[in-house]
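Chains as they are written, first to last, in the numbering used here: chain A, -8 to 294; chain B, -8 to 294; chain C, -8 to 294; chain D, -8 to 294.
Simulated from the structure, these hints should not be mistaken for lab results.
Since we're looking at a predicted model, the values are computed, not measured.
Certain hints may be false.
Identical copies go unnamed one by one, so any copy, or any two together, can satisfy a pair.
[As the list claims (entries may be wrong)] Pairs of lysine-lysine, DSSO-like flavour, derived with a Cα cap of 27 Å:
(1) Lys239 x Lys193
(2) Lys156 x Lys239
(3) Lys193 x Lys156
Chain by chain, the residues:
Protein chains: 4
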Amino acid sequence: MTRVAFLGLGDIGGRMARRVAAAGMDLTVWNRTAARAQRFMSDIASSASADRVRVASSAGEAVRGADTIISCLSTSADVESVLAGDPAVLRSLSRGAVWVDCTSGDPPTSRRLAATLAGHGVAYLDAPVSGGTTGAEQGTLTVMCGGELATLDRVRPVLATFGGKIVHCGPVGSGDAVKAVNNALLAVNLWSAAEGLAALRKAGVAPDVALDVINASSGRSNATMTLIPQRVLTRAFPRTFRLALLDKDVAIAAAFLREERVPAPITQLAAELMRMAHAALGEAADHVEAVQIVERWAGAEIA
Amino acid sequence: MTRVAFLGLGDIGGRMARRVAAAGMDLTVWNRTAARAQRFMSDIASSASADRVRVASSAGEAVRGADTIISCLSTSADVESVLAGDPAVLRSLSRGAVWVDCTSGDPPTSRRLAATLAGHGVAYLDAPVSGGTTGAEQGTLTVMCGGELATLDRVRPVLATFGGKIVHCGPVGSGDAVKAVNNALLAVNLWSAAEGLAALRKAGVAPDVALDVINASSGRSNATMTLIPQRVLTRAFPRTFRLALLDKDVAIAAAFLREERVPAPITQLAAELMRMAHAALGEAADHVEAVQIVERWAGAEIA
Amino acid sequence: MTRVAFLGLGDIGGRMARRVAAAGMDLTVWNRTAARAQRFMSDIASSASADRVRVASSAGEAVRGADTIISCLSTSADVESVLAGDPAVLRSLSRGAVWVDCTSGDPPTSRRLAATLAGHGVAYLDAPVSGGTTGAEQGTLTVMCGGELATLDRVRPVLATFGGKIVHCGPVGSGDAVKAVNNALLAVNLWSAAEGLAALRKAGVAPDVALDVINASSGRSNATMTLIPQRVLTRAFPRTFRLALLDKDVAIAAAFLREERVPAPITQLAAELMRMAHAALGEAADHVEAVQIVERWAGAEIA
Amino acid sequence: MTRVAFLGLGDIGGRMARRVAAAGMDLTVWNRTAARAQRFMSDIASSASADRVRVASSAGEAVRGADTIISCLSTSADVESVLAGDPAVLRSLSRGAVWVDCTSGDPPTSRRLAATLAGHGVAYLDAPVSGGTTGAEQGTLTVMCGGELATLDRVRPVLATFGGKIVHCGPVGSGDAVKAVNNALLAVNLWSAAEGLAALRKAGVAPDVALDVINASSGRSNATMTLIPQRVLTRAFPRTFRLALLDKDVAIAAAFLREERVPAPITQLAAELMRMAHAALGEAADHVEAVQIVERWAGAEIA
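This is chain A alone, in the form it adopts within the complex (with noise of 0.2 Å):
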């Protein structure tokens, strides 16, 4: 019978740990603001699989006979922390056990992470997601994993509860990487649309037009065909992913991609232009927000 472990119930863990539970895994729930824990208690409360789930007061509890650890913080930095300040947690782990890291991390981080563990005996893979709230409620986000495949092949069943994409991308840290390029990719793909429409706009371009050729055309991206139509020319921004968070990971990918020796001017560009939006817009803002800030500079809007 699987035990599983899950420390951080945010908006995209909470979903997961659902999903954990609902496959009839033995479960035990951690998060560090308890009201948070509470909340997801009440919510399964009424379930056929509550009975097999209960709260802890400590991540160090938590861990406690688990066969599987799955964490879903916002940053390494944050696991790191969870290890560092209960130093129950280490001393609790079962030898033998999996410790998944889904947290949106940093190869570097991950890779201490994991010496950290193995040093108890517990293997550890970082896997972080993506397919957002949507994809963690119905059991479809992309699982990107970094660490031994038979690592991942141990806790495969685990993973698919909530992902619906597994995929197996090498040593620790690559789960991370992958995840940071992706989200590198979305920045520069979105930014560069944004330059490109607002010049467009003040020529006299409507964007709508401009778009319809551009996707039929070589210069489409998932910006141009999904996030500026549906959430920049309806002026809708819905927050969905802060632009904090993209900011991090594209931070991340340019990090990763300085330590592998790969000059990259538009990564790291990319990264700039990622804090000072950031900065401008403040913690609150979608990333989709970010075009706001070329708008400005343009004295144009898109739309």
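Starting from the structure of chain A, add chains B, C and D where the hints point.
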């Protein structure tokens, strides 16, 4: 009865001209290098439309009596030099004719051409195309038109012989601008993907695995979905669109963004990278070979 | 006897014109806004040279009979519009005269002006100056000349009235190019120093301590030795040279580098940053205020 | 009586150590490659200070009994590996000693070193130097110190044997940061000057003429006043400071600016350019040879 003059029988232009002829229109062709025009005539000799096609020995002779003039040259400067180099051209134009410039041109020169032609009673459209030789052959090109909508409506039947999607973008120059922006996005998306994939490769992530994730996620673009899998991972690098031309187009986009006073760090940087790559790889290189510059810098192949 | 026409009596031009008059040359002045010309006349009224100076009511009148015409306007386009706006100007020019354009202009327009004037038998020099109002007043300006050396030699006595250093740079346009490149380096050196100093400030290093080291070391520049200590650390930000003009000059440099096909990522990026800063800070801001954009992004003052 | 241990006898370190010995201090030297330490001993054998200098066979032996330890290695990682590689080092350190790290290091590693040493009762200063082999020989180096001022005051007499300018920059890591920022400005100023001069050369302006103007004007820097005239225009390119080391330093600056959350597009771009140039020119190239990359791209020499 529509009488068309077609100037410039290159890889794209020649195929477009054949479709005009095949539609039963009266056609006079001209090419700077006369041998190319002769070859066009030989190729078409056995077709049903052959008797409505003739070759002119000068651009001036070609345009005489035409109600629609189509030019398809390498640069806007080439179109200007056709006008400037043969005074007979302007003298021979019929008042009320329309000049459709399918060159991938630049907005300022298109505006100058429009003004010059207006002085002779001839309307002008900039109308660059996308879709490559296949699109030209099959009549499925996208045609991006800048100029008066009424002018476009007058020549729409001619454009429909080679264009599957005919878009009115805005005033004169805006067809050029849309095409240039599209190609700048292609350059940005391709180059940034190469940066990320080269670093992932060095970190032990196979490019096809990384693309499998990215193409199911938010960072996908035409570059990650089509160009890199088909042309880079296979090391095929077919020569379908020259890097020299992409360099020219991105430079047009970069100048256009400056002219519209839109600060555009990513597009401007892409223009520099295309120039570097073009300088390093020479005139014959295909646009996708630009990723080989990233590979060189990285010391790793994306494969 | 030298007869000089002086077009454009702005902050720099007015002071230059006074030195021409003070040298005993016959001078006719003109300014688009007539009030400025009247003020020039009032200022000079009590001086020994007053009776050799007169004001013209049009540019055409001003140039009539002059052997040397000096223009000192905001942009090359302004010089073109003086020629285009008043047909009397070209008609009134004496064959054999020299037109010295002290505008901080752009090479392509200077080349067009030279060609137009050559058609009327008038030689042209682009001759932008540096040294500010103080240099203009004291006659110590640096004058960067593009054109024939023989042409320069003919007007050297006139230029010597306001220029302390008169340099023959090369063909027409090269005076503009040298000035623009110098100002682009100013922009780059200033901005990059601000980036470093802002980060050092946040890390607890006082800017004056950092500058003390840098100015004794290999990273020093006019920005670190003069501008930042005198204007930024003091928070004085005197308004001596408008950011709008530096933006224009760096854009000229950036276009020049593109025209010469020199991949120049740093200069091109600096052009974007100047445009952003200009857009954010407005028309009145001094060029050194651009560092306040870095400060804003950094969330820290360099002080 | 001051007892100094000196670890790392490279081109700079060896000369610094000689000055420590010449000042009459008790000195124990160590170098990873023992032959270099032997050569140091031979060189010093005939001098008056020879009998107060001895060579240690391990880093642990060298630091035993020393009140001041000076390290001068290639990177901060090298210092860490001296500590990690020989457990005797930490065991042999005297409580109350001061470790002065003259390596051109990086702030995060310096902070880790300081924390490790503090655990053994040893104070730490990061103290990179500038001034080259000449400065080291003549005792005129600039020494940039990060750490407690009181700590600096204790070792000031030792630093004064080789330092002409000893600056307290701020907390641990700030010496590294100041050095890195200085070198990043050097890289930026050099590269941007090369961009401008290459384009001017192509436009017919001789580089010495352009520099004559720039160095009398606002765009001047150490690169335009010293490096380019002496090393590039002469085509001498003496090898005094390796590009590989400048690349490392600019990368340290770039990481530092990211860590301090200062959007810094120019510094970040310079880091990419240095990496490209380093990759293209190899390990032996001097830092000024980086301009040859600009020349290659431009297709023109700056000469």
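Structure-based check of each hint:
Taking identical chains as interchangeable, the C-alpha atoms of Lys239 and Lys193 lie at most 27 Å apart only when they sit on different chains, with a minimum of 20 Å there against 32 Å within one chain. Proximity of Lys156 to Lys239 under the C-alpha cut-off of 27 Å is restricted to the intra-copy arrangement: shortest distance 24 Å within a copy versus 40 Å between copies. For a Cα distance limit of 27 Å, the shortest separation of Lys193 from Lys156 across copies, 24 Å, qualifies, whereas the shortest one inside one copy, 42 Å, does not.
In terms of the numbered hints stated before, the structure departs from none.
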